[in-house]
Structures are given as structure tokens and as C-alpha cells.
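Protein chains in written order, with this note's numbering: chain B, 1 to 114; chain U, 1 to 111.
Calculated from the structure, these hints are not laboratory results. Hints are supplied without guarantee of correctness; some may be wrong.
EDC-like mimics (lysine to aspartate or glutamate), calculated; alpha carbons at most 20 Å apart, straight line [claimed, not checked]:
#1 U:K37 with B:E67
#2 U:K42 with U:E2
#3 B:K41 with U:E39
#4 U:K68 with U:D17
#5 B:K41 with U:D17
#6 B:K36 with B:E67
#7 U:K58 with B:E102
#8 B:K40 with U:E5
#9 B:K40 with U:E39
#10 U:K106 with U:D17
#11 B:K36 with U:E39
#12 U:K57 with B:E44
#13 B:K36 with U:E5
Computed from a prediction, not measured in an experiment: that's the story for all the values here.
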Amino acid sequence: ETGVTQTPRHLVMGMTNKKSLKCEQHLGHNAMYWYKQSAKKPLELMFVYNFKEQTENNSVPSRFSPECPNSSHLFLHLHTLQPEDSALYLCASSQERTGTLEAFFGQGTRLTVV
Amino acid sequence: GENVEQHPSTLSVQEGDSAVIKCTYSDSASNYFPWYKQELGKGPQLIIDIRSNVGEKKDQRIAVTLNKTAKHFSLHITETQPEDSAVYFCAASRSNYQLIWGAGTKLIIKP
Numbered sequence: 001e002t003g004v005t006q007t008p009r010h011l012v013m014g015m016t017n018k019k020s021l022k023c024e025q026h027l028g029h030n031a032m033y034w035y036k037q038s039a040k041k042p043l044e045l046m047f048v049y050n051f052k053e054q055t056e057n058n059s060v061p062s063r064f065s066p067e068c069p070n071s072s073h074l075f076l077h078l079h080t081l082q083p084e085d086s087a088l089y090l091c092a093s094s095q096e097r098t099g100t101l102e103a104f105f106g107q108g109t110r111l112t113v114v
Numbered sequence: 001g002e003n004v005e006q007h008p009s010t011l012s013v014q015e016g017d018s019a020v021i022k023c024t025y026s027d028s029a030s031n032y033f034p035w036y037k038q039e040l041g042k043g044p045q046l047i048i049d050i051r052s053n054v055g056e057k058k059d060q061r062i063a064v065t066l067n068k069t070a071k072h073f074s075l076h077i078t079e080t081q082p083e084d085s086a087v088y089f090c091a092a093s094r095s096n097y098q099l100i101w102g103a104g105t106k107l108i109i110k111p
């Protein structure tokens, strides 16, 4: 248990569906991240939130929409996805500006788009 | 853009032998180099890291070495055990910048 919880663990959705991924951290961290993990590829950073404000959006398609209502919760809203969006989506948190960059990851949501 | 290359993509070693995974980075300003281990069904977890002001760091059976001139760093695992089987990721970053990740190495420990 890393202190970062993601739900659901698995999700199958059609290309016309709308769904949301949820992430919650109990570590008191001030930064949260969404990553996409595809087989045999580096982790792809999608979004970064520092103190609830989005600080990075790495050219992610608009069919992915993040939301950070407070420093403990992070959502990723999904709509009209494509089959190539099937991947493991990882949430992470860290405590910025303390000299350490350690990221604590959740277990991920395995997303399959059909 | 900046990138981190990691080799090999798959490594199979006999239990008890040593394993070495290597990474090279392109951003000469990088000063922080962590290694993460990802077990099946879990997210990556930090196992060791090194900063650019040291050349080597050790923690029990794992060690990391850094060669700033050549811009490469390596993870060494000695006396491998079955529980070392996992995917290992290297990463690099400079101060206040995001981590740039390698593609991962699947380590298989053969009994």
C-alpha cells in the first residue's frame, strides 16, 4: 500500500462512452500526476497538478480531461476514446519543493477501449 | 527532446547471479537519477536513487553507479532472488523538471 488509491482497477468502455478514473492520495502531498503506460514504452506523463493547479499538459488529446478538486483527489474524465488509448493509467503524487522527487504511484487502472 | 534509453528490454539471470541494467540520458543538466521497480499488478515503486554529486550508492543488494561524463548510469542487483523478478525503470531529471523515463527492463530470475 503506497498511500495512493486508484479506482476502478479495470475498465472496459466503448468508443462512445463517457467514464472517469479516480485517484486519491493520503500522503499529504501537493502534486499529483497522470501517466499513461503502454507495453514496452516509457511512461508518458499526461498531466501535472501542483497545489490543485494544472502546470503541465503534455499535448494530450482533448478526449482526456483532468480534474483536481482538491490536493487529495484527481480525476481523469474520458470520452470518445480510441482503441489506441487502451493502456494502464497510473496516478502518482509527490511532495514538491522539498528536495525530493520521489513519486508514489497507485496500482493503476487497466483501460480497454473496444 | 530529452530522452532516456534503457537496455536491455528483457534480462534473464539465474537465481543467485548478478543483474545489471544500463541507462543513458541526453540532457547534460540532469542531476537526479531514480530507479523504480514495478511488480505485476502494481504501480512503480522507488528502490534507489542517486544525485549527480556522487558516483555510486549502495543499499544492501542493490547499487547504482553514475558516469556523468558518459551520461550513463546503471543498476546492479547482486545475489538475485525470485522476488527481484519485476520490470525496472530508470529515469532522469534536472532540478524542478519532470522525470524522463526509460522504457523499462523486464528482469526474470530463473530458479
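What hint numbers does the structure not satisfy?
Hints 1, 2, 4, 5 and 12 not satisfied by this model.
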